[in-house]
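Undergrad: Sequence:
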Amino acid sequence: MPYYRVVGEVPRKRHVQFHRPDGGLYAEELMGEEGFSSDSSLLYHRHAPTAIIKSEGVDDTAGAAELRPNHPLQPRAYRTQDLPVGGDLVTGRQVLAGNADVRICFAAATGPSELYRDSAGDEVVYVQTGAARLETTYGALDVAEGDYAVIPTGTIHRWIPQGDEQLRALVIEARGHIRPPKRYLSQYGQFLEHAPYCERDLRGPSEPLLAEGTEVPVLVRTRGGLTRLTYAHHPFDVVGWDGYLYPYVFNINDFEPIVKRTHAPPPVHQTFEGPNFVICSFCPRPLDFHEDAVPIPYNHHNVDSDEFMFYVGGDYTARKGSGIGVGSVSLHPAGFTHGPQPGAVEASVQALKEGHTTTSEMAVMIDTFRPLDLGPAATRCEDPEYAWTWARG
1 MPYYRVVGEV PRKRHVQFHR PDGGLYAEEL MGEEGFSSDS SLLYHRHAPT AIIKSEGVDD
61 TAGAAELRPN HPLQPRAYRT QDLPVGGDLV TGRQVLAGNA DVRICFAAAT GPSELYRDSA
121 GDEVVYVQTG AARLETTYGA LDVAEGDYAV IPTGTIHRWI PQGDEQLRAL VIEARGHIRP
181 PKRYLSQYGQ FLEHAPYCER DLRGPSEPLL AEGTEVPVLV RTRGGLTRLT YAHHPFDVVG
241 WDGYLYPYVF NINDFEPIVK RTHAPPPVHQ TFEGPNFVIC SFCPRPLDFH EDAVPIPYNH
301 HNVDSDEFMF YVGGDYTARK GSGIGVGSVS LHPAGFTHGP QPGAVEASVQ ALKEGHTTTS
361 EMAVMIDTFR PLDLGPAATR CEDPEYAWTW ARG
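Residue numbers (the UniProt record's numbering): 1 to 393.
Any given hint could turn out to be false.
[What the hints assert, rightly or not] Okay, the calculated beta carbon distance ranges per label pair:
#: 1; residue 1: Q162; residue 2: T230; range: 22 to 32 Å
#: 2; residue 1: P265; residue 2: G225; range: 31 to 41 Å
#: 3; residue 1: Q17; residue 2: P284; range: 52 to 62 Å
#: 4; residue 1: T50; residue 2: H71; range: 42 to 52 Å
#: 5; residue 1: G355; residue 2: E9; range: 51 to 61 Å
#: 6; residue 1: T61; residue 2: P286; range: 42 to 52 Å
#: 7; residue 1: R133; residue 2: P384; range: 33 to 43 Å
#: 8; residue 1: G23; residue 2: T61; range: 40 to 50 Å
#: 9; residue 1: G224; residue 2: P384; range: 27 to 37 Å
#: 10; residue 1: P284; residue 2: R183; range: 22 to 32 Å
#: 11; residue 1: Q17; residue 2: V303; range: 50 to 60 Å
[Unchecked claim] When the alpha-carbon atoms are kept at most 30 Å apart in a straight line, the in silico DSS-like pairs for lysine-lysine are as follows:
#: 12; residue 1: K260; residue 2: K353
#: 13; residue 1: K260; residue 2: K182
#: 14; residue 1: K353; residue 2: K320
#: 15; residue 1: K260; residue 2: K320
Honestly, the hints are just simulated from the structure, not real lab data.
The beta-carbon is built from N, C-alpha and C at its ideal position, and this holds for glycine as well.
Whenever a hint applies, use it, and build me the whole structure from the sequences.
TA: What follows is the structure, given as structure tokens:
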């Protein structure tokens with residue numbers, strides 16, 4: 001995280017005696033990245049966070065899901081709205097795509113998850129519809145439609161759906177850390193003036209949870225699979241913490257689009273960066289305003305990456321007639337040139353002449369710098385005709 005926070009009770013100095021009301025000592029837990037050479041937070045527990053009393057292997061159906069290459073090579077489209085509904089936001093994940101750096105899943109959750117810790121990497125959960133309470137060791141966060149929830153590696157948490165609307169979410173599991181792009185930050189970590197969002201747009205935990213309980217199971221993911229560890233005491237017994245490392249929420253509607261007189265390339269939409277991938281937010285914005293502008297994307301070929309686009313709202317004019325709609329995913333692999341549907345360029349120029357000066361499109365894009373393999377959920381909801389839509393002028 002780019003800035004310091006303190007929540008709850010902490011002593012004046014780090015690593016000094018901090019006494020409980022009964023005279024005993026609170027137990028420290030230092031959560032740190034990159035061998036404690038990067039961001040960290042120091043948490044104070046009522047009980048020892050190390051006390052486990054049981055360890056059991058867990059069948060990992062989703063984690064063991066077989067990925068297959070995108071072969072024969074072609075652009076693909078999927079309808080997440082056709083995937084099964086049920087389960088929770090952890091064990092109910094359905095794998096769409098992945099590689100050695102990242103796994104992309106979709107979940108349509110109907111119930112609360114158990115306590116969960118991803119020790120293989122950070123996670124970003126984008127909430128398409130519905131709402132949930134995200135409870136963590138650091139405190140609770142309320143999330144709803146349009147929110148990105150960024151959860152650091154090793155954070156124990158659980159998802160509890162709220163309200164009547166279906167909780168549908170895209171889950172991005174990294175094999176490393178996910179952060180704001182470096183070019184948005186000063187050398188000391190402050191968001192710069194040219195960044196499309198800033199610290200005021202980020203929501204972090206504001207108070208401890210202070211749950212009690214004994215013999216509490218926690219599902220733990222490592223690169224070796226899933227294990228269920230049973231802790232002697234509830235891990236949400238933290239009375240206070242401080243540092244730069246914690247879960248936070250950023251809403252896509254707080255992203256401030258960067259515009260040019262002519263069409264700008266995808267890096268202007270970048271929101272986060274992970275190991276060998278980026279996450280971008282396509283948001284409503286003014287259309288290009290050069291007098292001869294073509295206000296939709298040009299045909300393009302990103303020779304070093306695959307493009308995974310999740311369409312979450314608005315009218316995606318450039319893809320009109322392709323079958324793409326809200327809830328759809330398009331996958332445009334390296335090795336394939338893609339762009340607007342036939343006739344879309346001319347239609348956009350005419351619309352600009354008629355006074356249509358803004359776009360309502362909303363999408364979350366993940367560009368990976370290693371090829372994405374296809375998961376079983378992708379096979380279940382694929383549109384087999386999508387690849388040929390550019391040939392239908």
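Undergrad: Next, verify each hint and record whether it holds.
TA: Cross-check of the supplied hints:
{"no.": "1", "hint": "Q162 x T230: 22 to 32 Å", "verdict": "28 Å, holds"}
{"no.": "2", "hint": "P265 x G225: 31 to 41 Å", "verdict": "39 Å, holds"}
{"no.": "3", "hint": "Q17 x P284: 52 to 62 Å", "verdict": "53 Å, holds"}
{"no.": "4", "hint": "T50 x H71: 42 to 52 Å", "verdict": "46 Å, holds"}
{"no.": "5", "hint": "G355 x E9: 51 to 61 Å", "verdict": "58 Å, holds"}
{"no.": "6", "hint": "T61 x P286: 42 to 52 Å", "verdict": "46 Å, holds"}
{"no.": "7", "hint": "R133 x P384: 33 to 43 Å", "verdict": "39 Å, holds"}
{"no.": "8", "hint": "G23 x T61: 40 to 50 Å", "verdict": "48 Å, holds"}
{"no.": "9", "hint": "G224 x P384: 27 to 37 Å", "verdict": "36 Å, holds"}
{"no.": "10", "hint": "P284 x R183: 22 to 32 Å", "verdict": "23 Å, holds"}
{"no.": "11", "hint": "Q17 x V303: 50 to 60 Å", "verdict": "58 Å, holds"}
{"no.": "12", "hint": "K260 x K353", "verdict": "18 Å, holds"}
{"no.": "13", "hint": "K260 x K182", "verdict": "22 Å, holds"}
{"no.": "14", "hint": "K353 x K320", "verdict": "19 Å, holds"}
{"no.": "15", "hint": "K260 x K320", "verdict": "23 Å, holds"}
Comparing the model with each numbered hint stated earlier shows that all of them hold.
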